[in-house]
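Novice: Residue numbers (the working numbering), protein chains in the order written: chain A, 343 to 602; chain B, 365 to 712.
These are computed hints drawn from the structure, not numbers from a lab. The structure displayed is predicted, hence computed values, not measured ones. Just so you know, not all the hints are guaranteed correct.
List time: in silico DSSO-like cross-link candidates among lysine-lysine, alpha-carbon distance up to 30 angstroms [to be verified]:
1) A:Lys528 with A:Lys558
2) A:Lys463 with B:Lys609
3) A:Lys463 with A:Lys451
4) A:Lys463 with A:Lys528
5) A:Lys528 with B:Lys609
6) A:Lys451 with A:Lys528
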Amino acid sequence: MSAKIVARSAEKRFQTRAGWMTALRDFDLEVAEGEFLCLVGPSGCGKSTFLRILAGLDHATGGEVRINPGPDPRQPLANVVFQEYAVFPWKTVLHNVAFGLEMRGVGRKEREATAQRWIDKVALTRFVDYYPAQLSGGMKQRVSIARALANDPQVLLMDEPLGALDAQTRAVLQEELLQLWEESRKTVLYVTHSIDEAVFLGDRVVVMTAHPGTVKTVIDVELPRPRDLSVMATPEFAALTGAVWDALRDEVRRAMAEQA
Amino acid sequence: MPGSARGAGGPAATAWGLPLAVLLATLAAGFAFGLWATAWWALLAIGFVCVVLLAQELESRLALRWRGPFQRGLALGFPLSLLLIWELLAGAGILNPRWFPPPSQIAVALWELTVTFDRFNRSSLLGRPWLLPQVVSEQGWAGAQALVRESHVWATLSRVLGGFLIGAFPGVLIGMVMGLNRTVRMMLDATMSAIYVLPKIAIFPILMLVFPNPFGEGPKIAVVAISAFFLVAISTMAGVQGIDKVYLEAGRNFGASRWQMFRHVILPGALPIVFSGLRLALGTALIVIVAVEFVRADRGVGFLIYYYWQVLVTPRMYAALVVVMALGVGLTALLQWVERRVMPWRRN
Numbered sequence: 343m344s345a346k347i348v349a350r351s352a353e354k355r356f357q358t359r360a361g362w363m364t365a366l367r368d369f370d371l372e373v374a375e376g377e378f379l380c381l382v383g384p385s386g387c388g389k390s391t392f393l394r395i396l397a398g399l400d401h402a403t404g405g406e407v408r409i410n411p412g413p414d415p416r417q418p419l420a421n422v423v424f425q426e427y428a429v430f431p432w433k434t435v436l437h438n439v440a441f442g443l444e445m446r447g448v449g450r451k452e453r454e455a456t457a458q459r460w461i462d463k464v465a466l467t468r469f470v471d472y473y474p475a476q477l478s479g480g481m482k483q484r485v486s487i488a489r490a491l492a493n494d495p496q497v498l499l500m501d502e503p504l505g506a507l508d509a510q511t512r513a514v515l516q517e518e519l520l521q522l523w524e525e526s527r528k529t530v531l532y533v534t535h536s537i538d539e540a541v542f543l544g545d546r547v548v549v550m551t552a553h554p555g556t557v558k559t560v561i562d563v564e565l566p567r568p569r570d571l572s573v574m575a576t577p578e579f580a581a582l583t584g585a586v587w588d589a590l591r592d593e594v595r596r597a598m599a600e601q602a
Numbered sequence: 365m366p367g368s369a370r371g372a373g374g375p376a377a378t379a380w381g382l383p384l385a386v387l388l389a390t391l392a393a394g395f396a397f398g399l400w401a402t403a404w405w406a407l408l409a410i411g412f413v414c415v416v417l418l419a420q421e422l423e424s425r426l427a428l429r430w431r432g433p434f435q436r437g438l439a440l441g442f443p444l445s446l447l448l449i450w451e452l453l454a455g456a457g458i459l460n461p462r463w464f465p466p467p468s469q470i471a472v473a474l475w476e477l478t479v480t481f482d483r484f485n486r487s488s489l490l491g492r493p494w495l496l497p498q499v500v501s502e503q504g505w506a507g508a509q510a511l512v513r514e515s516h517v518w519a520t521l522s523r524v525l526g527g528f529l530i531g532a533f534p535g536v537l538i539g540m541v542m543g544l545n546r547t548v549r550m551m552l553d554a555t556m557s558a559i560y561v562l563p564k565i566a567i568f569p570i571l572m573l574v575f576p577n578p579f580g581e582g583p584k585i586a587v588v589a590i591s592a593f594f595l596v597a598i599s600t601m602a603g604v605q606g607i608d609k610v611y612l613e614a615g616r617n618f619g620a621s622r623w624q625m626f627r628h629v630i631l632p633g634a635l636p637i638v639f640s641g642l643r644l645a646l647g648t649a650l651i652v653i654v655a656v657e658f659v660r661a662d663r664g665v666g667f668l669i670y671y672y673w674q675v676l677v678t679p680r681m682y683a684a685l686v687v688v689m690a691l692g693v694g695l696t697a698l699l700q701w702v703e704r705r706v707m708p709w710r711r712n
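Make a model of the complete structure from these sequences and hints.
Specialist: Take a look at the structure:
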């Protein structure tokens, strides 16, 4: 399988009040077509920065970061599911989900039919005409996921999408997300704080060092698919989360020491 | 439910008795020792607290389904009882009826103002709309126009609405540009902030010089427009700048063009603050126009207030104040209606 996302010696430096800050350095990563890759690391390690560069919201200051385009030039490269949902409060669920298609000039009938299909898939059929203020956090994030998927991007970028939700809602959405992904097998880059979540969702888990961010270890998750939450009770799952935590522990300590 | 937690199941006699006793004692002491003249503010404060305590006590004893009507009753009943107290005090001569005419007199004056035609300066409050069919059949369109021209309410309303619209639209436009473009913002911000704090009524003399007819409608509408413009421009700028960055990023990530970004993200994102600016501007427009009509007008509600003060017909002066209040309430309600139309997502 060919590499869909490629990063070679990527570097990102910010100018701050205190001088230059390096968020990413010597960052090398390849994500295969159709892979579900999870990125974990201590706070401020630059994992979100990398995702923003891929989303076109930021630029690398050195090295190379790119998404290899697919055969259809009209298919958008990458869409983001943001941590704070970022669903537009002034649009109904239907118009939020149809947003990407509308921006691309897809006709009203077609984009609303597509949006409706995705709204059905994330079980929000009853709420098509609701505004986000009338929805719970979990429902807003479903809208955000449907908005990204309805646009049918080549790569789905998820920036701690479930971080703001309570534990039960998060577990339910993790399962739903896997079901949706099984249907399309899109390339996914998933940034998260949660080790359990990373192992449960991902084909591989990339552990990053504290800043400047670079790849510390890559852990292959060879749990069988399709997965459901019962996999979390197996010894294999425990061994994998243990391995991720072993790689992460020192980095978290270092990041905390630097912040203190 | 406010006040429902307190006093539930407590000893009933003290919960009722104490505020009631204090209230009666205060009133009695006030009259017995002649305290009203000097310490009326203290007596009023104590009395008010007692009334609030009694109302809360009463509410906590009501069945749940009666509490909604009770609260609405308070909202209506309290001002009504204030009016009643005013009426009684003025009737008893405790309030000087020349300066504080009882509400009943004000109501009568309002009725007189509405139905009478002032021959001296050929004006009426509403323009006598009941004459409209007859005048139109006799004199046609010109007759209707003459009726409109004699109306004080119409004069004020047209100045407020005309000035508000002429000022608010460019205000929103300039505010948007200032919010979006840093260069324009840098160039205009200091100037705008300086003019923003200037009371616009102060530039009325300049406007009178600028217009060919200094006593016509031009300068009056212009001063309202200028007041509205700066308020709306500055709040629109704040609204645009205050849009959460994550919405702009979502727009960009989904490939919005500049126009689409404006239409789908920036405009709706700024609207709530734009509308709070419009509300402020509307209130200011009313203040400014009444002040202008005090100084330089022979039509308008502000003119009425000042005129009846000068000739010392205070009930009619108060009646004109009531008309200003009604105009303010009506215009605010109209703006809120527009707001609900334009921003359906904020309806609940």
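Novice: Against this structure, judge whether each hint is valid.
Specialist: Cross-check of the supplied hints:
1. For the hint linking Lys528 (chain A) to Lys558 (chain A), the alpha-carbon distance of about 25 angstroms falls within 30 angstroms, and the restraint holds.
2. Distance restraint check for Lys463 (chain A) and Lys609 (chain B): the Cα-Cα separation of roughly 29 angstroms lies within the 30 angstroms cut-off, and the hinted pair is therefore satisfied.
3. Distance check on the hinted pair: Lys463 (chain A) and Lys451 (chain A) sit about 19 angstroms apart at the alpha-carbon level, within 30 angstroms; holds.
4. Restraint check: the Cα-Cα separation between Lys463 (chain A) and Lys528 (chain A) comes to about 16 angstroms, which is no more than 30 angstroms; the hinted pair holds.
5. Simply put, Lys528 (chain A) and Lys609 (chain B) have alpha-carbon atoms about 28 angstroms apart, close enough for the 30 angstroms limit, and the pair holds.
6. This hinted pair checks out: Lys451 (chain A) and Lys528 (chain A) have alpha carbons roughly 25 angstroms apart, not beyond 30 angstroms.
When each numbered hint is compared with the structure, no violation occurs for any of them.
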